[in-house]
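Chain A is already provided as a structure; the job is to place chain B on it using the hints.
Protein chains in written order, with this note's numbering: chain A, 1 to 442; chain B, 1 to 571.
No wet-lab data here; the hints were simulated from the structure. A few of these clues could be false.
As the list claims (entries may be wrong) - Now the stretches of chain B that chain A is said to cover, found in silico as 3 or more residues with beta-carbon under 8 Å:
{"id": "1", "segment": "268-277"}
{"id": "2", "segment": "404-413"}
{"id": "3", "segment": "442-453"}
{"id": "4", "segment": "517-526"}
To be verified - For the chain B half of the interface with chain A, some residues (derived, Cβ under 8 Å), not all of them:
{"id": "5", "residue": "192"}
{"id": "6", "residue": "206"}
{"id": "7", "residue": "208"}
Just so you know, even glycine gets a beta-carbon here, dropped at the ideal spot from N, CA and C.
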Amino acid sequence: MRRKFHRRAMLRGMLAGAGAVTIGLPLLDAFLDNSGKAMANGERLPPRFGLFFFGNGVHPERWVPVGEGETWSLSEQLEPLRGLESEFSVISGMEVKTPNDIPHGSGEAGILSGASLIIEGEHNTFRAPSIDQIIANEIGQTTRFKSIEFGAQARGGSSYNGPDSRNPPETSPFALYERVFGAGFRAPGEDGEVDPRIALRRSVLDAVMEDTKKLKGEVGANDRRRLDQHFTSIRELELRLARLEEDPPSRAACMRPDEVPMMDYPDIDGRPQLTEKNRAMCDIMAMALACDQTRVFSNFITAPVNNLLFQGAMAGHHQLTHDEPGEQPQVHAIVLQLMEEVAYMLETLRAVPEGDATLLDNCGVLITTDVSYGRTHSLDEFPILIAGSAGGKLRKGYHYRSQNKENASKVHVTMMRALGINAEGFGVDEGFTPDSLGALEV
Amino acid sequence: MPSSATAGKIARIMVAFCLLGVVGSAACRESEPPAAPDTKAAISAAEHEPAPANLMRLTQAQYSNSIHDILGDDIVVPSRLEPDIRAGDFIALGAGKTTISARGAELYEQAAYDIAEQTLEKHSDAFVPCEPGSLSDAAKTEECAGEFVDLLGPRIWRRPLSSTERERLIAISTSSANTLGDFEQGLVFALAAMLQSPNFLFRAEVGLEESGTEPRALDDWEMASKLSYVLWNTTPDRALLDAASRGELTDDEGLTAQIDRMLEDERARHGLRAFFSDLYQLERLDGLTKAPELFEHISEEVGPSAREETLRTIEHLVFDMRGDWRDIMTTRETFINRKMASIYNVRAPAREGFAMATHPPDTPRQGLLGMTSILALYAHPVSTSPTLRGMFVRTKLLCQPIPAPPAGVDTSIPEPSGTAPTLRARIAEHLEEPTCAGCHNQMDPIGLGLEHFDGLGRFRSRDNGVEIDASGTLDGVEFEDLSSLAVAIREHDRFGVCLTRKYYQYATGQELPEGPEPELVVAISDHFAASDFDVLEMMRAVLSSRGFRTVAAPATQHSQSEADAAKEEVE
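This is chain A alone, in the form it adopts within the complex:
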């Protein structure tokens, strides 16, 4: 089934970046100082942010661990994370404070943007940017990609710049590979002439920006905002091209992935190959971070309200959360499958050394979903994990149990501050808080 990719097609056309490529030596660990936290020249290894977002919630009573603080043990639904206990913290008892107007949609907007949904008839959209974009605007401006969104079965994704402005996730491992490591990418030490076409493409983008400016003058206020986004997108693309003309970032762990993923992952028995696709994409993502192509990623593995047929399940996920009787063994099995994927992602990040620490150490990863208990769309006892330590700033291996349904937005404030972002708070109206969770700060 593996369809090999044609080298010719990759190099074909305008998008071929480097010309004659000569292979040099990769940056060695010797360039890092002894702690591995910083480059020898004093530049600190950057903290990165990741989001793992899945649809349809959990079973809170089987999710929340027994014990608190530093003495706790994995719950039934966190069992797949065994062996990683020291790499993440569980935050339980929090509540999404924004109004629960639309099942799934309100929770999705509440946990990711801290704001209520804009509801216009049958059409909904986020009111405020999602956490990944708020963070990307702060820590993503110097890399080739400000952020990368992907997800094996993601649909439209939940990364928003603002109302009706989404960042669609990549759903194909092959396309994700091409985007980051295809034509134009150079690993550290790979030398090569810069293709003159890159500069020409940039001047074409300048012309496109002129067209956008002119059109802006003709339309109404709302449409100007949409064209502003187009303008920003073009400018970011221009920056990406400019970075291809520069020398690649020096990172010891950076290697071009040696295997190009499959073009297609056909369904098996009518079920998508969720695991295979997700793992291929996590592998690529880890290397994109290691090569400093981006510092912000979002894995929207499955979408809110998704009705996917999981391997082994007898009905779609969403339907099962509502209609499966009793203890919902099939829903439980799906949650376990999703946690297996969390474990894979964390292990993959941990496997990349960065000096004497790991890539995972230098990440702050938020793992959550759109509702707490899928059957009732509840927003209290919200399932939240944070993994990695954002370069030593987040406490790991801890169970923070809120006693009084604290605002879930406190997690985001904690995360942003750990990443070195001087945030005044997170959220809008009921969802807003200026406070972080001190217990999780180092």
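For chain B alone, kept in the frame of chain A given last:
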């Protein structure tokens, strides 16, 4: 109005003959379907709230169709572009809200170079009208690049270019050619610039500022694009742009002539398909998920085949028959291939491809609600869903909004039990819950009328071993099963006005509020009824109405929150 109805029938028969080439062209011209003058006058007199000034992004299909029409059918258009979003009922309305993400800009850039390279490889004969000679002859190279820009620029941007725009594209071409030492490579960059421009990717409908009146009339170029993308789902052809340059599209007679011409073009059939596919969300059939252990017929072929069945049947009714739209509910004629024939358990009408088949009169299967497209899409992967199917009828066929379910309630349906073996019985237990009953009583009884068709649309007489009872009532009209349910929907007083409302929104890009229909929609709907529910006549009325031809002046001021958000985005 029996006499006018009879005249309408005769006219439609004539048109059918005309399309079949049975009668001569003179007779055909005289047999234009008559529209009762009083309904036309009512449309002219009707009040309407103008659509807001709009900026529509080309949908993926529109992008691809436009490239094929302008640059050649043999151009392979990359399938990965900024995704469409659906707003309310339509992707076509989402196009007025969505923007272009960072990822989208990248995809459009890749597509632009890919398409531009193919164009120069395959069609330089057609689009490079001159010999530039040596690159060192700057004047001649520029002149030749200018001819290229003049040929393609106005087609791609659907309007004449300003001299600044023209010069800018020529400059891109010459500087790229000089850098790369190849004249045609310069043209590739100029073409890629046209294709990435918002002047191609968006179409603005802001009206003529100098008209000074409220609402503003759209100008000729805006009208050409709007007509074309609404009616054909693709870019204007040369004839339409020529008509625009002559000012004919802002003139009643000129507009009517163009609408008539466009409706006779093959592309109008594609446009009609695009409308119904968007309305019923048939694009989702590409990802149809059904558990193969329960549905042995399921394969990747099913979704697209089911969609084709529905669209062909609609196209046949509307264009070939000029039939009564309401017959879509009750017609036993359909167009199927072998795959669909096996699902319906009837003989395949053709060895290959699609052909007309007729469902026998002794089965309930008929019309739109007897098709796998609707029955399978509005169901679960393992079972039927009376709620989703009932909701389809309420919201798509009758335009009766159903509120979203409240969050924070347990919505589970009880499992089959001794006392409640069938889905009907289980739902009845469920509906004892008063918070659910209010809305579900609007939907579930209709959906239960379709229980003879499983989650893939296969006929069955039993559910869990018990004989299916598909009876119920729809707004006071009793039905036994789909045979009488289809008639009840056909005769429902919302059925005709609902299609009018949907098409009006699709065509104008205006989202109508819930509640009483706007006067203009009612007037067009009356005209639709007076034409014996001739869909083309309804479309004509919408496209020539002021609702289609005017927009409100664009809002000039940001609200404070918008200004803040806009600032944030630019930051």
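Inset, instruction - Determine which of the earlier numbered hints do not hold for this structure and return their numbers in increasing order. - result: Going through the list in order, the structure violates hints 1, 3, 4, 7 and respects the others.
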